[in-house]
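Q: The hints should help you fit chain G onto chain E, whose structure is shown.
As they're listed, the protein sequences go chains E and G.
One rule links them: number in our numbering = place in the first sequence (from 1) + 460.
One rule links them: number in our numbering = place in the second sequence (from 1) + 225.
To be clear, the hints were calculated from the coordinates, so they are not data collected in a lab.
Don't be surprised by glycine CBs; every beta carbon is placed ideally from N, CA and C.
The reader is advised that the hints may include incorrect statements.
Taking CB as the label site, the calculated pair distances span [unchecked claim]: (1) 513/E x 242/G: 44 to 52 Å; (2) 527/E x 226/G: 24 to 32 Å; (3) 294/G x 502/E: 23 to 31 Å; (4) 294/G x 472/E: 42 to 50 Å; (5) 297/G x 533/E: 32 to 40 Å; (6) 243/G x 537/E: 40 to 48 Å; (7) 304/G x 543/E: 40 to 48 Å; (8) 302/G x 500/E: 28 to 36 Å; (9) 533/E x 264/G: 22 to 30 Å; (10) 278/G x 487/E: 28 to 36 Å.
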Amino acid sequence: DSGVTQTPKHLITATGQRVTLRCSPRSGDLSVYWYQQSLDQGLQFLIQYYNGEERAKGNILERFSAQQFPDLHSELNLSSLELGDSALYFCASSPRTGITYEQYFGPGTRLTVT
Amino acid sequence: AQSVAQPEDQVNVAEGNPLTVKCTYSVSGNPYLFWYVQYPNRGLQFLLKYITGDNLVKGSYGFEAEFNKSQTSFHLKKPSALVSDSALYFCAVRDKSGNTPLVFGKGTRLSVIA
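This is chain E alone, in the form it adopts within the complex (with noise of 0.2 Å):
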């Protein structure tokens, strides 16, 4: 067990919906990562967050959001879904932002959009 939990595991969801993916670090660290995996984009980078600010953006598109809150607990906010999002999304933590950290992931949280 990593440390990271992440809600729901899974979600389905109709096209055109708007869904919201939560995680918590672990405790004390101070970054969190998104990512999303799929089988033919492997695993792609969204965004990160340090302590409640943006820190680095990946391939997230407009449709997707993302925050930290003051608890260091960040969401993932989906909108207008496509077929395409399907895929598992993970997030991940780390003590810092410094390069050097290693990252611990969560779950996942698996979603389908039908």
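A: The following block gives chain G in isolation, referenced to the frame of chain E:
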């Protein structure tokens, strides 16, 4: 731009035999390199990392990896494979010089046969 290549989608090895999972990387500066493992229906788990120093890095579960700067490689190895090592393995790289995100390879599925 940094990138990682894992040339083998699948590696099969008999239990008790040595295993190697290959990884080559491309960065503009010096690399920080990581290996992660993903078991079915789980998030990624950190195995080991190369930051600086000794080219041979030892990690969790008896795994090790050798950094080879001239060949831009960071192959994962284990002297004696276990059936429980069967999983998906990811190599990842960050460039030391910039605030760039962690870039993952496509993954290599390791199957250890009893």
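Q: Name the hints, by number, that the structure is in violation of.
A: none
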